[in-house]
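Asker: Okay, here's what each chain looks like letter by letter:
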Amino acid sequence: VTAATALVSAPVALPLLAAGLSLLLSPSPVLQRVLAVTVLTAVLGDAALLLVRVDTVGPQVAHVGGWHPPLGITLIADRLSALALLVAVLVVLVVLLFAVGQGIAERRAENVPSVFHPTYLVLLAGISLVFLTGDLFTMYVGFEVMLIASYVLITLGATAERVRAGMTYIVASLTASILLLTTVGLVYGVTGTVNMAQLSGAISELPPDVQRLLGLMLLASLGIKAAMVPLHWWLPDSYPNAPAPVTAVFAALLTKVGVYAIIRTQTLLFPREEPWTLLLVLAGVTMLVGVLGALVQDDLNRVLSFMLVSHIGFMLFGLAISSQAGLAGATLYLVHHITVQAALFLAAGMVERERGTASLARLRGIVVTAPLLAGLFFVSALSLGGIPPLAGFVGKLSLLQAAVDSAAPLTLTVAAVALLASLLTLAALMRVWLAAFWGLPSAPVPDDRPEDLADVATPPARLMTASATAAVLVGLAVAASAGPLSSYTQRAADDLTDQQHYRSSVLGEQVVAQP
Amino acid sequence: MNTTNLALSLIVGVLFAGGTYLLLERALLRSILGFVLLGHGANLVLIMSGGSAGKPPFADKTGAAAAADPLPQAMALTAVVITFAVTALLLALADRSVAVHGDDEVQDDIEDRLLERQQTATEEEL
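Chains as they are written, first to last, in my numbering: chain A, 1 to 515; chain B, 1 to 126.
Simulated from the structure, these hints should not be mistaken for laboratory data.
Possibly wrong hints are sitting among the right ones.
FRET-style restraints, in silico, Cβ to Cβ [stated by the list, open to error]: (1) B:5 - A:67: 25 to 35 Å; (2) B:122 - A:441: 38 to 48 Å; (3) A:441 - B:115: 22 to 32 Å; (4) B:103 - A:484: 48 to 58 Å; (5) A:484 - B:5: 26 to 36 Å; (6) A:368 - B:115: 24 to 34 Å.
Which stretches of chain A does chain B cover? Using the computed rule of at least three CB atoms under 8 Å from a CB of chain B, they are [stated by the list, open to error]: (7) 73-81; (8) 287-300; (9) 381-393.
For clarity, every value in this text was computed on a predicted model and none was experimentally measured.
Here a beta-carbon is modelled for each residue, glycine too, at the ideal position from N, C-alpha and C.
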């Protein structure tokens, strides 16, 4: 076992093994907790090592079981996947601590053993597999592992409301999965391989019509998972009903895994020189539809869910520009968006815990009763709106610069839409701020959701506050390290546009290619 | 690249058409049946992508040209296991839905209806 193999396989293998162990430990919640935190910390360290190694030595490749392409499964970490993995594991760890603090992790329904910890670890294994895989079929498997875990988490406790939300979510996700599986079958039919390094050469030799069809099918199936308008309808309906930490981790990661898969497949398999008109239009529409939806919602979680949809558009915009600068901007935005969404949803979870409701009509004056919580929300909201010097500003700036550099009329139009969407984001979040946080506090008015009644006037546990603060601090760290981070994303974008380098890393005689 | 089996292609078409129709139904049980059909369709696509049927691919007994392509079969097997697991989970969900809602119809989004009512109320006030 070489160092590369160990480093690349650990983020998938460790959580899976720990999930099995955790299921056995379910009589003892304390041991489950210790196990999950230990494993996540280990994976975090592994991801950090991987990032350093990838940046200094070059892509790390593992051929699972010694089987080489096209037969075997290839795991590969390049700069984009290493960065995405590190941020993802960090957020997963922070949210786990929040969940432990909230007590949701060990809440049992009808004497069923607590499945939160095992499922949560499986979720991380799936996310890591999508980030690290080097072939299309394993990407499908990674998505399935992640989604099956998410089906369990979103219906946790199986209350009436969650069963309803779970149905929409599961049926929508399954449709996307079947579409992805069919696409994988078609790709294998015309090329005879599913290894992405081999495909990046093979697909360009196909007739242009076939290429376009495969590209669109991949975009559509992954677009459902990424909640790209018009394929986003399932998201604002289902996410808000899950327990707060689950919503936070879904919002931070699941859609971004879809965005990552879109970026990976489109740059590697269907490289473009010119801006991509279709995706530019879709990105612009995504930004507007999401934020307009957010402006009228009453439930805090739903405001944030629509906002999430809106900001998926920014990352797609970066990809659609089809330049190195655009890809670098999209990567930077990805990192920012993962951290800020986690922070916002954790803050919303604390609001719901403290006041027993997340309805804007019933909330008032949180700034007086819980100034720290209000501060956490305020900083994250400004970051999402793109106020300098926060991380959102850095991400948006690099995207807009890329758009101006490309100078195509449509790109500039979408850039203007992006500015408008940022303004509307601020407007929507300030509406939340004025309704829920500002003013004099009212007595807590619980709404009629049974779970909320249980939580009324429970001050958030110290661990919840600490982990929500940590999530905000991670966001601030992204802003503080904007310089090194943006030069790293530049290098990551160089990797993405250099398909030859990726191919030789996976297929070449020398497993570790020189950068 | 490969010659395509017409009969299988038609079956895939029928499975996808039937699956899509059922998936759009309100009752979860019908959606599940639709998902099962779609899953079969996708698996057939995978099997077909390996080309025409051949002899069992034993390394020392069958020549490479005569043997069936084992890779898509391995992928189809993986996909079958996944769809099986998800179908079981969906059936459990449908059962739970009958327990809490009384039926397995996918309900409207309550928050949407609330917003709508709020909107109508505001308009009536004006």
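Asker: Each hint needs a verdict: does it hold in this structure or not?
Answerer: Quick rundown of the hints versus the structure:
no. : hint                      : result
1   : B:5 - A:67: 25 to 35 Å    : holds, 29 Å
2   : B:122 - A:441: 38 to 48 Å : violated, 26 Å
3   : A:441 - B:115: 22 to 32 Å : holds, 25 Å
4   : B:103 - A:484: 48 to 58 Å : holds, 56 Å
5   : A:484 - B:5: 26 to 36 Å   : violated, 55 Å
6   : A:368 - B:115: 24 to 34 Å : holds, 28 Å
7   : 73-81                     : violated (count 0)
8   : 287-300                   : holds (count 4)
9   : 381-393                   : violated (count 0)
Checked against the numbered hints given earlier, the structure breaks hints 2, 5, 7 and 9 and satisfies all the rest.
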